[in-house]
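Engineer: Going down the list, the protein sequences come from chains V and F. If you're matching positions, the first sequence starts at -6 in my numbering and goes up one per residue. If you're matching positions, the second sequence starts at 108 in my numbering and goes up one per residue.
None of the hints are false.
Selected chain F positions facing chain V (Cβ under 8 Å, derived; list incomplete):
id : residue
1  : V193
2  : I200
3  : H219
4  : D287
5  : D291
Covered by chain F, according to a simulated footprint, are these stretches of chain V (three or more residues, beta-carbon under 8 Å):
id : segment
6  : 10 to 23
7  : 97 to 103
Chain V is nowhere near these chain F residues, computed Cβ spacing over 10 Å in every case:
id : residue
8  : E114
9  : R120
10 : G171
11 : S244
12 : A307
13 : A357
14 : A361
15 : V362
16 : V399
17 : E400
Think of the hints as simulated: they come from the structure by calculation, not from any bench. Since this is a predicted model, take the numbers as computed values, not measurements. All C-beta atoms in this analysis are idealised placements derived from N, C-alpha and C, irrespective of residue type, glycine included.
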Amino acid sequence: MTATGTFAPKPGAAPLPRMIRAQAALETRMLLRNGEQLLLTVVIPTLLLTLFSSVDIVDTGKGRSVDFLAPGILALAVMSTAFTGQAIATGFERRYGVLKRLGTSPLPRWALMTAKTCSVLVTEVLQIVLLTAIAFALGWSPHGNPLAVLLLLVLGTAAFSGLGLLMAGTLKAEATLAAANLVFLLLLVGGGVIVPLEKFGAAQEVLRLLPVSALSGGLRDVLRDGAGMPWADLGILAGWAVLGLGAAGRLFRWE
Amino acid sequence: MRSASSEPAVEVRGLVKRYGTKTAVDGLDLTVAAGGLTAVLGPNGAGKTTTIEMCEGYRRPDAGTVRVLGLDPVADAAALRPRVGVMLQSGGIYAGARADEMLRHMASLHAHPLDVDALAERLGLGSCGRTPYRRLSGGQQQRLSLAMAVVGRPELVFLDEPTAGLDPQARHATWDLVRDLCADGVTVVLTTHHMEEAEALARDVAIVDGGRVVAQGSPEELCRGGAENTLRFNGRPGLDLAGLLKALPAESAAVELTPGSYRVSGEVGPQLLATVTTWCAQHGVMPDRITVERHTLEDVFMELTGKELRK
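Please put together the full structure from these sequences, using the hints given.
Structural biologist: Shown next as structure tokens:
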């Protein structure tokens, strides 16, 4: 690369779909290559599903424990990727100037956020395929309307993404790391994922309003009990999505 | 290549940026002609990076105007971003991304990128392509960042301290690349606190201090504009300096500092040196220990700001 004219200016942005695809692919590779992220998104949900389905540690009520656990673990998988993983990754991208650098590239900001969402969705599909296969191996027999399941997963992703990005865009990277993990742990215990909400007595009425409770409860009503559209849970998730994405849109700082 | 007479690549007028009570940029004016390299030279905290970041559209000025390639960096960001290459002072890359992956990614965001492998090879990144960013050496990180700034074939590049922390070999590789960019018609704006970098590369130097441009011009102009240069020699005491002065250009001066030690000041060039030695020969004087003291950019900088730059 020494011939004259090599660097002669010939600027231009790549077509938008190509940029978004490239960015989403890069973000997904970063996530799948990161050991801590895999621990959160793959190892923990897989272990919890396998362990609590085969060993009777938690009283999951009547019926087989896998039918109670599988919907909860799917909710946990969505939370681990859209909220915890995305918050931590984006927090450090902000801290290390990645968002700043990409902000001066031809990729528009909205396209960057679109790519992040695509990356989250791709990861969730991989998680759901893996966890569903494990649940089937453990004897899971789901019911219900697939459309209701899809709606719950999409609204749950929107709600958790908004909250994750709000955290990543306002707190320091280290604070995001700590807080996102703590919230993950608290919601794992208190969000109806592996422990039925009925165990929490009077507190359950408040816990029911948490996004992870709405997602796990809604999925359980549909997949275990074959209920119709879980409008109340969809409404709670939509509320969190509007609040989280709205606040993130207003308060997110790129540096 | 665009001629220097066309529209300026960057035009900054009365730029002000405050952070809280601190004024980082304080009424800065800067014009960067299209083509060639302009060095923005100044000590740490002078306001170089803040100015560059406003040119990149990354920060909004509190007052003043910025035009880059004739456009507003904030309002016209979408049109400008593909045309401008940016190298941040540090960071900007995913910790877990491999060097070649990141360069390829940046190339994929552009319509007509450079050949990624050739560019990596040229910058000595060929052997570390598979290495994650966080495990690259500081110099490799800098060169990857530089490669990412130019891979999209921009018209204008902003390089924020591109050789900070590089060893001499890597610094020269960077300088060669920057020279080739200029030769191919790319306008380069580079911040530095290294005097020799500005002298080696810049057609135009803007000295920044306290958030303002305190002087701008070619390195030669800046040096000429500063203190006069001097020529010293020793000879026998009591030479007829009035006679010497008649042979010298009008604005020169000559004094006998101590018996036998002489100083000539003015525009000291080859002609003046020849005139002095010829005059000495005509008068049977052997000029001893002739020294010419050329004022460097550093002297000029010291006079203007009273601050020292890093060598």
